[in-house]
Amino acid sequence: DGGITQSPKYLFRKEGQNVTLSCEQNLNHDAMYWYRQDPGQGLRLIYYSQIVNDFQKGDIAEGYSVSREKKESFPLTVTSAQKNPTAFYLCASTQGADIQYFGAGTRLSVL
Amino acid sequence: SQQGEEDPQALSIQEGENATMNCSYKTSINNLQWYRQNSGRGLVHLILIRSNEREKHSGRLRVTLDTSKKSSSLLITASRAADTASYFCATATHLNNDMRFGAGTRLTVKP
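Protein chains in written order, with my numbering: chain A, 1 to 111; chain B, 1 to 111.
Keep in mind the hints are simulated off the structure, nothing from the lab. All values reported here derive from a predicted model rather than from experimental measurement. All C-beta atoms, glycine included, are put in the ideal place defined by N, C-alpha and C. Worth double-checking, as some hints may not be accurate.
Here are the simulated SDA-like cross-link-like pairs (lysine to any residue), alpha carbons at most 25 angstroms apart as the crow flies [said to hold, decoys possible]:
no.	chain 1	residue 1	chain 2	residue 2
1	B	26	B	59
2	B	56	A	101
3	A	9	B	5
4	A	57	B	98
5	B	26	A	56
6	A	70	A	15
7	A	71	B	26
8	B	56	A	57
9	B	26	A	9
10	B	26	A	58
Per label pair, the in silico range of CB-to-CB distance [to be verified]:
no.	chain 1	residue 1	chain 2	residue 2	range
11	B	40	A	14	18 to 26 angstroms
12	A	81	B	14	42 to 50 angstroms
13	B	55	A	17	46 to 54 angstroms
14	A	60	B	54	31 to 39 angstroms
15	B	80	A	70	22 to 30 angstroms
Negatives, chain A to chain B, calculated, CB over 12 angstroms [to be verified]:
no.	residue
16	15
17	17
18	26
19	37
20	77
21	80
22	83
With these hints in hand, go ahead and build the complete structure from the sequences.
Following this line, the structure appears as structure tokens:
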């Protein structure tokens with residue numbers, strides 16, 4: 001069953017803690033993306049990676065970090081520097097500037 | 001920064017009516033895509049229209065693109081209650097493969 005898998009579905013962060021959101025794809029796509037969505041809002045681009053071992057900052061990268069060591073994996077770390085992390089996080093992948101396939105999302109809340 | 005802006009922000013219609021949503025963007029694009037999001041879920045791709053195309057159909061969906069006005073419209077004909085969702089336009093530029101999403105139109109179809 002091909003697609004994008006995000007885990008966990010729900011995540012809680014304590015103050016000062018770093019947390020990592022997982023995103024795995026088996027579509028053999030080169031490009032992967034992380035978006036943040038606040039309630040009733042659109043998607044804002046955090047980071048994207050067009051190839052393994054390379055990634056670029058999006059519009060709201062501050063307080064986040066990523067890695068792309070494997071083609072199928074693009075984890076996002078929400079660091080303690082991100083003071084307002086509560087949001088819905090979506091991962092996507094694509095081949096070229098084409099259709100993006102999305103995961104089901106991770107909802108992050110602060111304890 | 002967000003590239004696309006949808007209009008209206010919210011739309012409420014009766015089942016069987018047509019729904020029209022508009023999207024405006026700012027820079028030259030390679031293609032424009034429309035996505036649908038049910039509440040709390042990931043986005044699902046609906047239709048892609050390339051910059052050299054003017055109109056595209058898929059089932060009850062009709063998309064138009066006017067590159068001179070930097071705008072697109074999505075028409076859903078004979079709407080159903082199951083069409084209730086948020087609809088987003090997204091643009092991919094010629095320069096790179098990062099995509100930008102608008103804030104979306106929240107469509108409610110009343111049975």
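Evaluated hints:
1. Of the pairs offered as hints, the one joining residue 26 of chain B and residue 59 of chain B is violated, with about 29 angstroms between alpha carbons and a cut-off of 25 angstroms exceeded.
2. Between residue 56 of chain B and residue 101 of chain A the alpha-carbon distance is near 20 angstroms, which keeps this suggested pair within the 25 angstroms criterion.
3. A threshold of 25 angstroms between alpha carbons decides the hint, and for residue 9 of chain A with residue 5 of chain B the separation of about 29 angstroms lies outside it, so the pair is violated.
4. Annotation: proposed proximity of residue 57 of chain A to residue 98 of chain B holds, straight-line Cα distance about 10 angstroms (limit 25 angstroms).
5. A distance of roughly 22 angstroms separates the Cα atoms of residue 26 of chain B and residue 56 of chain A; the hinted pair therefore holds under the 25 angstroms criterion.
6. Of the supplied pair hints, the one linking residue 70 of chain A and residue 15 of chain A is violated, its CA atoms being roughly 30 angstroms apart against a limit of 25 angstroms.
7. Pair hint residue 71 of chain A plus residue 26 of chain B does not hold up; C-alpha atoms about 32 angstroms apart against a cutoff of 25 angstroms.
8. For the hint pairing residue 56 of chain B with residue 57 of chain A, the CA-to-CA distance comes to about 33 angstroms; that exceeds 25 angstroms, so the pair is violated.
9. Restraint check for residue 26 of chain B and residue 9 of chain A: the C-alpha separation of about 34 angstroms exceeds 25 angstroms, so the hint is violated.
10. Among the hinted pairs, residue 26 of chain B with residue 58 of chain A is consistent with the structure: their alpha-carbon atoms are about 17 angstroms apart, no more than 25 angstroms.
11. The hint said 18 to 26 angstroms for the Cβ distance between residue 40 of chain B and residue 14 of chain A, and at roughly 24 angstroms that hint holds.
12. Range check, residue 81 of chain A to residue 14 of chain B: about 48 angstroms between beta-carbon atoms, so the 42 to 50 angstroms window is met.
13. At roughly 50 angstroms, the beta carbons of residue 55 of chain B and residue 17 of chain A sit within the given window of 46 to 54 angstroms.
14. Range check, residue 60 of chain A to residue 54 of chain B: Cβ separation about 34 angstroms, and the 31 to 39 angstroms hint holds.
15. The given range of 22 to 30 angstroms is broken by residue 80 of chain B and residue 70 of chain A, whose C-beta atoms sit roughly 41 angstroms from each other.
16. With a least CB separation of 25 angstroms from chain B, residue 15 of chain A remains clear of the 12 angstroms interface cut-off, as annotated.
17. Taking the minimum C-beta to C-beta distance to chain B, about 24 angstroms, the non-interface status of residue 17 of chain A holds against the 12 angstroms cut.
18. No Cβ of chain B comes within 12 angstroms of the Cβ of residue 26 of chain A; the nearest lies about 16 angstroms off, and the non-interface call holds.
19. In this structure residue 37 of chain A is not separated from chain B by more than 12 angstroms, as the shortest Cβ-Cβ distance comes to only about 9 angstroms.
20. The claim that residue 77 of chain A is not at the interface with chain B holds, since no C-beta of that chain comes within 12 angstroms of its own (minimum 20 angstroms).
21. With a least CB separation of 26 angstroms from chain B, residue 80 of chain A remains clear of the 12 angstroms interface cut-off, as annotated.
22. The claim that residue 83 of chain A is not at the interface with chain B holds, since no C-beta of that chain comes within 12 angstroms of its own (minimum 21 angstroms).
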